[in-house]
Amino acid sequence: MSTNSGSIKAFFVALWVCLPVSAQATLAIQHWQTPQGAQVYFVESHELPMLDIAVDFPAGSARDPAGMAGLAQLTHVLLDQGAGGLSDTAIAYSLADVGAELSGRLDRDRAGVTLRTLSSAAEKNKALDVFARVLQQPDFPEAVVKREKQRLIAAIREAEADPANVADKAFYRALYGTHPYAHDEAGDPAAIERMTRSELQAFYRTHYSAPNAVMSLMGDITRAEAEAIADRLAAGLSRAAAVPALPKPVPAPASDTRIAHPSTQSHVLVGVVGMARSDPDYFPLFVGNYVLGGGGFDSRLMREVRDKRGYAYSAYSYFMPLMEAGPFELGLQTKLEQTDDALKVAQTTLRDFITNGPSEAELTQAKSNLTGGFPLRIDSNKKILDYLSVIGFYRLPLDYLDTWVDQVNAVDVDAVKQAFVRRIDPDKLATVVVGAGGAR
Amino acid sequence: MHGMWGMLLAFAVGSAQAAVTDVTLDNGMRVIVQEDHRAPVMVSQVWYRAGSMDEFNGTTGVAHVLEHMMFRGTKTVPPGEFSKRIAAAGGRENAFTSRDHTAYFEQMQKDRLELAIQLESDRMANLVISDELFAKEIQVVMEERRLRTDDQAQSVVYEHLMANAYQAHPYRRPIIGWMDDLQNMTGQDARDWYARWYAPNNATLVVAGDVKADEVIGLAKRYFGPLPAHVLPVRKPQAEPPQIGGKRIVVKAPAQVPYLLMAWHAPTLRDWDKDTTPYALQILAGVLSGNDSARLQKSLVKTQQIAVNAGADYDAVARGPGMFMIDATPAQGKSVAALEQAIRLEIQRIQREGISEAELARVKAQVIAADVYQRDSLFYQAMQLGEYVTAGLPPEALVHRVDKLRAVTAMEVQAAAQQWLKDDQLSVAELDPQALGQQPGPAAMSGVHDVN
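Sequences listed follow chains Y and X, in order.
Okay, so the first sequence: first residue is 49 according to this note's numbering, each after it adds one.
Okay, so the second sequence: first residue is 12 according to this note's numbering, each after it adds one.
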């Protein structure tokens with residue numbers, strides 16, 4: 049199962065589909081619960097002869113037990129490396145033989161498994177058979193566990209040379225201290241080394257259960273068939289109760305972390321504990337951040353750091369809303385000798401935005417882009433599938449996409465200003481700089 | 012497998028996807044339209060047949076630098092306005108430079124195509140490159156080089172390998188440019204590049220989405236039509252002389268884990284209908300690493316456990332010559348030399364024994380399915396059309412791509428491996444990791460794709 053981290057970030061870059069004609073039309077999302085307690089979200093679309101399925105569980109790295117950072121990741125990686133009596137090779141061949149694509153995603157909150165298959169009966173049935181085994185009966189073969197541990201550890205080692213990765217890890221540690229969001233998905237090599245097959249099995253049983261499952265289906269099947277697929281997938285999962293809520297993160301004190309690294313650039317991250325997915329300030333923060341650093345070439349950070357001064361290729365800010373409060377992060381990378389100057393420009397830009405908020409013209413521009421671009425957020429099966437997963441996993445209202453444009457339009461300058469003042473105290477930022485000697 | 016062919020035929024008949032429209036305006040500009048009415052959106056891309064392979068020594072990277080300057084203002088659109096206007100209309104825009112081309116795109120609601128075309132036609136002819144803005148932007152590009160190449164050990168290895176594997180062809184130079192060339196580049200270098208290559212007769216407009224072909228052509232005529240054609244410089248072939256012996260380099264860079272990259276010279280698609288080798292090489296790449304238990308994964312990663320990762324890559328579509336590449340990361344305690352030997356044994360096994368019918372069928376099934384899946388992305392469809400046309404291949408070549416791959420035989424794959432994966436045509440690069448505690452040596456040097 050290949051994984052990529054931080055996939056929730058994609059939600060900001062998120063989706064409009066086939067049927068509707070105007071930007072205000074609705075996406076017909078069907079929702080039900082299987083008898084075993086799995087939540088199902090379905091959009092029927094017959095335009096392409098293919099089917100996408102995602103099954104997500106609250107089994108991301110925030111669920112790693114104390115001292116076992118990496119258990120969620122290792123469990124997830126092993127799902128398709130031997131299941132239901134099929135070897136890793138038999139699984140790979142069976143899927144490739146019908147052109148199906150199985151992939152995985154893991155972040156701090158979620159562990160997901162996705163399947164893309166042709167919707168023709170022979171191909172689809174074969175793909176679903178393998179998919180069900182992977183979800184329901186991972187074997188965790190001893191020899192394979194040993195092998196995959198070594199591969200994970202090698203990936204962690206390799207990432208240690210990447211200054212962006214070093215900065216990211218330090219940033220979350222600074223913000224989250226002892227909270228489970230503090231460590232990243234990859235985990236701790238020493239802990240991974242110690243993990244046993246039975247620990248993996250136990251983690252799997254308690255987290256990959258029907259009451260924990262969110263199933264998203266998009267594509268060329270009928271409602272009746274979607275129900276049958278969901279029932280079949282849910283029926284083979286354990287009935288372990290829904291996992292408890294994660295603890296609430298507490299705001300971190302101001303901090304300044306400098307880490308030596310042999311890179312030619314400094315990687316600079318600045319931020320605070322931000323907002324949860326359920327935060328009532330979600331839209332003011334999301335829309336306001338477009339002006340600050342989310343709008344690419346249309347944002348203040350890009351203008352100040354890149355266009356005016358040539359300090360960096362990339363300068364950005366975003367809120368990453370998680371189940372509990374995820375980070376607000378501002379970032380840039382610049383050559384070593386101008387690190388302090390670039391950091392100062394970023395800090396000044398942030399402080400000014402929090403003090404004065406966006407101008408009316410800037411906010412209008414942000415809303416025009418976001419609402420005018422809404423159809424691009426749902427213009428493919430893949431994008432719609434990702435929205436279904438987010439709506440299901442974070443229990444967003446079913447009309448979330450229908451009201452999205454109105455919610456953006458309802459944001460005004462005052463709402464942005466107040467929301468930013470409530471969230472970001474410019475005197476309590478966590479700052480991380482990776483590069484050069486690490487000293488000031 | 013028969014079931015699938017039947018499905019695809021049925022599907023092609025009932026498809027909402029119209030044929031590709033391909034016309035050339037009087038001034039030589041090509042316009043290609045792919046109608047796709049699934050969603051009320053479109054993507055517009057302008058492709059210039061000018062990439063890093065068209066650069067000269069001393070000004071490497073100028074194609075990409077110009078790409079950056081294309082966002083910094085024209086006679087009537089002030090700096091920053093291009094992005095602002097597209098953003099105000101709900102659009103997303105960016106650009107990318109490769110060895111073969113430079114392309115600019117806008118993704119928007121379908122009724123906003125005119126704005127995209129108007130702005131693109133303006134910057135095709137009226138760009139203003141001031142020395143002042145150039146001086147800022149070249150700093151940005153140098154930061155991009157540090158970010159994507161200099162501080163990424165595997166990118167440094169790739170850059171060094173290309174610079175060694177080719178001795179004459181311009182593919183030896185990195186797209187982003189050598190740092191020293193960037194440090195010495197001037198606004199005039201960018202203006203010269205723009206004057207040389209930015210002309211309607213060196214460009215292709217590709218539009219895909221919920222549009223009508225005749226309306227797109229009408230807009231193209233209205234906005235691009237009045238721009239005069241230029242006389243384009245003669246392009247010398249700069250053909251790569253045959254490699255007459257293996258090459259080997261070691262790259263020392265800060266890293267924790269070694270890395271191995273192997274590249275063999277290989278042909279690219281020239282006559283899409285008559286050529287067979289490029290299709291066979293694509294299948295070969297699939298046999299080697301097309302699934303989680305393809306040959307390299309199964310043998311090196313799962314069975315021998317000599318590698319933690321391994322993959323093969325080959326791109327049949329390019330203006331210049333091709334490369335068949337394999338990369339791998341050794342497992343803890345295994346040497347790069349032993350890993351290279353294991354890869355060579357896998358290749359020799361294919362050269363000696365060929366591939367099985369089951370492997371062949373598996374790769375073909377993946378090709379056929381991927382052809383359906385890629386229709387889920389408008390951007391990718393437009394991208395493929397642009398790449399083919401810029402490489403001198405007709406859209407027809409893309410239409411028949413799957414049929415051509417389906418026709419490949421096991422014998423052809425074996426023959427291609429025998430003919431092209433020879434030691435004398437191989438270049439090998441090894442990453443020798445240097446402790447992260449040490450300070451960097453002189454700035455190392457390529458990306459495959461540089462996005463603005």
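FYI, nobody ran anything at the bench for these hints, they're computed from the structure.
Just so it is clear, CB atoms sit at the ideal spot from N, CA and C, and this is done for glycine as well.
Wrong hints could be hidden among the right ones.
[Claimed, not checked] Calculated Cβ distances over 12 Å to all of chain X for the following chain Y residues: (1) Trp80; (2) Met116; (3) Gln129; (4) Ser167; (5) Arg205; (6) Ala239; (7) Gly267; (8) Pro292; (9) Gln386; (10) Lys415; (11) Pro474.
[Said to hold, decoys possible] In silico DSS-like links for lysine-lysine, alpha-carbon gap of 30 Å or less: (12) Y/Lys356 / X/Lys86; (13) Y/Lys383 / X/Lys223; (14) X/Lys232 / Y/Lys356; (15) X/Lys95 / X/Lys263; (16) Y/Lys415 / X/Lys223; (17) X/Lys95 / Y/Lys430; (18) X/Lys147 / Y/Lys383.
For each hint, the structure was consulted:
Every C-beta of chain X lies more than 12 Å from that of Y/Trp80, the closest at about 25 Å, which supports listing it as non-interface. Once the 12 Å rule is applied to beta carbons, Y/Met116 is consistent with being away from chain X; the minimum gap is 21 Å. The claim that Y/Gln129 is not at the interface with chain X is violated, since a C-beta of that chain comes within 12 Å of its own (minimum 8 Å). Here Y/Ser167 does not stay apart from chain X, with its beta-carbon only about 8 Å from theirs, under the 12 Å limit.
For Y/Arg205, the shortest C-beta to C-beta distance to chain X comes to about 4 Å, within the 12 Å cut-off, and the non-interface label is violated. With a minimum CB-CB distance of about 17 Å to chain X, Y/Ala239 clears the 12 Å threshold, and the non-interface call stands. With a closest Cβ-Cβ approach of about 9 Å to chain X, Y/Gly267 is found to fall inside the 12 Å limit, against its non-interface label. Residue placement check: Y/Pro292 keeps its beta carbon more than 12 Å from all beta carbons of chain X (closest about 34 Å).
The non-interface label for Y/Gln386 is inconsistent with chain X: the shortest C-beta to C-beta separation is roughly 9 Å, within 12 Å. Not every CB of chain X lies more than 12 Å from the CB of Y/Lys415, the least distance being 10 Å, so the non-interface label is violated. No beta-carbon of chain X comes within 12 Å of the beta-carbon of Y/Pro474; the shortest separation is about 25 Å. As the CA atoms of Y/Lys356 and X/Lys86 are separated by approximately 20 Å, the hinted pair is consistent with the 30 Å bound.
Between Y/Lys383 and X/Lys223 the alpha-carbon distance is near 48 Å, which puts this suggested pair outside the 30 Å criterion. The hinted pair formed by X/Lys232 and Y/Lys356 fails the criterion: a straight-line CA distance of about 36 Å is larger than 30 Å. Distance hint between X/Lys95 and X/Lys263 is unfulfilled; the C-alpha atoms sit about 43 Å from each other, more than 30 Å. As the CA atoms of Y/Lys415 and X/Lys223 are separated by approximately 29 Å, the hinted pair is consistent with the 30 Å bound.
Between X/Lys95 and Y/Lys430 the CA atoms are separated by roughly 28 Å; this keeps the pair inside 30 Å, and the hint holds. Taking the CA atoms of X/Lys147 and Y/Lys383, the gap is near 14 Å; set against the 30 Å cutoff, the hint holds.
In terms of the numbered hints stated before, the structure departs from hints 3, 4, 5, 7, 9, 10, 13, 14 and 15, listed from lowest to highest.
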